[in-house]
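The whole structure should be built from the sequences, with the hints applied where relevant.
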Amino acid sequence: MKIIQISAIWCSSCLVMQKIWNHVKDAFPEIEWCKMDLDFDSEEVSKYQVGDKIPVLIFEKNGEECSRLIGEKKEEEVMLWIKQNLEN
Amino acid sequence: MDQTKFGKLKWIFLIVFLLCPISSHALEQVKLHLFYSKSCPHCASEKEMLKDLEKKYSNLSIEMYEVTQNPEYSELMDRVKKTLGTENSYVPYTVIGETGLTGYNDNIARQIEHFVERYSKEKSVDLVEKVKKEGYIPDYKKEDQNSNGKDTEESSITVPVFGDINAKTVSLPLLATVMGAIDGFNPCAMWVLLFLISMLIGMKDRKKMWILGVTFLCTSALIYLLFMVSWLKIAVSITSITWVQRGIAFVALVAGLWNLYSFYKSKDAGCMVVGEEKRKKTLSKIRKITSEKKFILAILGVMALAISVNIVELACSAGLPLVFTQVLALNDLSTFQYALYILIYIFFFLIDDLIVFIVAMITMKVSGISNKYAAYSHLIGGIIMVLIGILLFVKPEWLMFQFS
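Protein chains in written order, with the working numbering: chain A, 551 to 638; chain B, 45 to 448.
It should be emphasised that the hints constitute simulated quantities derived from the structure, not laboratory data.
Hints may contain errors.
[As the list claims (entries may be wrong)] Each computed PhoX-like pair below joins lysine-lysine, with the alpha-carbon atoms no more than 20 Å apart:
{"#": "1", "chain 1": "A", "residue 1": "Lys575", "chain 2": "A", "residue 2": "Lys552"}
{"#": "2", "chain 1": "B", "residue 1": "Lys324", "chain 2": "A", "residue 2": "Lys624"}
{"#": "3", "chain 1": "B", "residue 1": "Lys324", "chain 2": "A", "residue 2": "Lys603"}
{"#": "4", "chain 1": "A", "residue 1": "Lys623", "chain 2": "B", "residue 2": "Lys309"}
{"#": "5", "chain 1": "B", "residue 1": "Lys409", "chain 2": "A", "residue 2": "Lys585"}
[Stated by the list, open to error] Not everything, but these chain A residues come out facing chain B in the computed CB check (under 10 Å):
{"#": "6", "residue": "Ser557"}
{"#": "7", "residue": "Cys561"}
{"#": "8", "residue": "Gln568"}
{"#": "9", "residue": "Asp589"}
{"#": "10", "residue": "Val606"}
{"#": "11", "residue": "Gly621"}
{"#": "12", "residue": "Glu622"}
{"#": "13", "residue": "Lys623"}
{"#": "14", "residue": "Asn635"}
[Unchecked claim] Residues on chain B that point at chain A, a partial pick, calculated with CB under 8 Å:
{"#": "15", "residue": "Val222"}
{"#": "16", "residue": "Ala233"}
{"#": "17", "residue": "Trp235"}
{"#": "18", "residue": "Leu238"}
{"#": "19", "residue": "Phe239"}
{"#": "20", "residue": "Lys309"}
{"#": "21", "residue": "Met316"}
{"#": "22", "residue": "Val410"}
{"#": "23", "residue": "Ser411"}
{"#": "24", "residue": "Ile413"}
Think of the CB as a built atom: it goes at the ideal place given N, C-alpha and C, for glycine as much as any other residue.
Following this line, the structure appears as structure tokens:
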């Protein structure tokens, strides 16, 4: 299981959410967390077809995308999203 | 006629004379000059009122000057306004004696009648006739246009702790603060500042970081200042042309509705991704600035970046500074007050950028302000712009917070 985090250094929502992501990472150590920057890792990011809004979290199971969480979210929302993906 | 009869008649004449002081004391002739525009609805309302006033006061004569089609009348109005120290060219403009009254509403109608009554009893100088003969009169003693004082009393409100506050003097600074802050939270240019700060932190030279960051913010403020002052100069001189005011009202309405639509659309807060090309260009510009060996070139680079970003920002702000400046132009302010309100607007426009920059410089870490506030700024901004747009169309005098 893997979560791909696509963010940017210039995005205030990403900066605000960094704390939340750190908590979530600690809460689910079994999930591999892969951080990508929209500008500095543009080649890898281009595979994921990011829309017009960031940050984007992509949940992958066995190399396949299960779902995406787009935009600035509360910690509970991120936790719930992960739990739902783990249950499915 | 014998002596006693003559004596009686003398007494009768004396008593009649004493009992009828009014009939024996002729009213002074009062001349009222009205500068108006054919297409201005408030001018039409004032003309209607003046018709009734002319019937009521037989000693009143009215002369009217249409300013949009007669440049000589427009020039005369400018000279009279300049003589009385009024800086705008808004119509209707009424001059009675040495008193000039700009705009038209119930309060101004009361003031006009007050001055007609006053000058019926006392002799007055006909300033317009004087200016017609002599041209602009520098250092002319300005008549106190608020001489009845009612206006100031009516707009005073008592607030606990602060005491008496005049709503008219509070409205403009409050509007400057709210509109500036809303404009600031519009996140169009924030990404460039965050980009810049991230790169500056990499420089690890605090002094240079402060200088470059402050240069960026000051240049941004300067661009806004230049735009607002230029528009103010234009707006002050053309407020009498109705279509310009209608055009701004239309901009305000469209921008307001666009802001409300953005609020509706922005249920999920986040950062809008600008085009890759644009990001790459900005990134390479910032890299060049931070790696520049000659510091002066780095400063110039930061200034150029701020100029290009803020020109885009002005378009992105969807007319907020334009509409605010238009509201300022409708008010009868001194140059100092105009400058003060524009500076208040710019300060609050930059306040979020200042917070982000100062926090980053102190902690050496980039922190962001949640984009959730941007959504609320769209909502409040949208409501304010729609309200101003409607008022500019139907009741521009309600936006004249500070007026005689």
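Need the list of violated hint numbers for this structure, in ascending order. Numbers 2, 14, 15, 16 and 20 - these are the hints that the structure violates, sorted from lowest upward.
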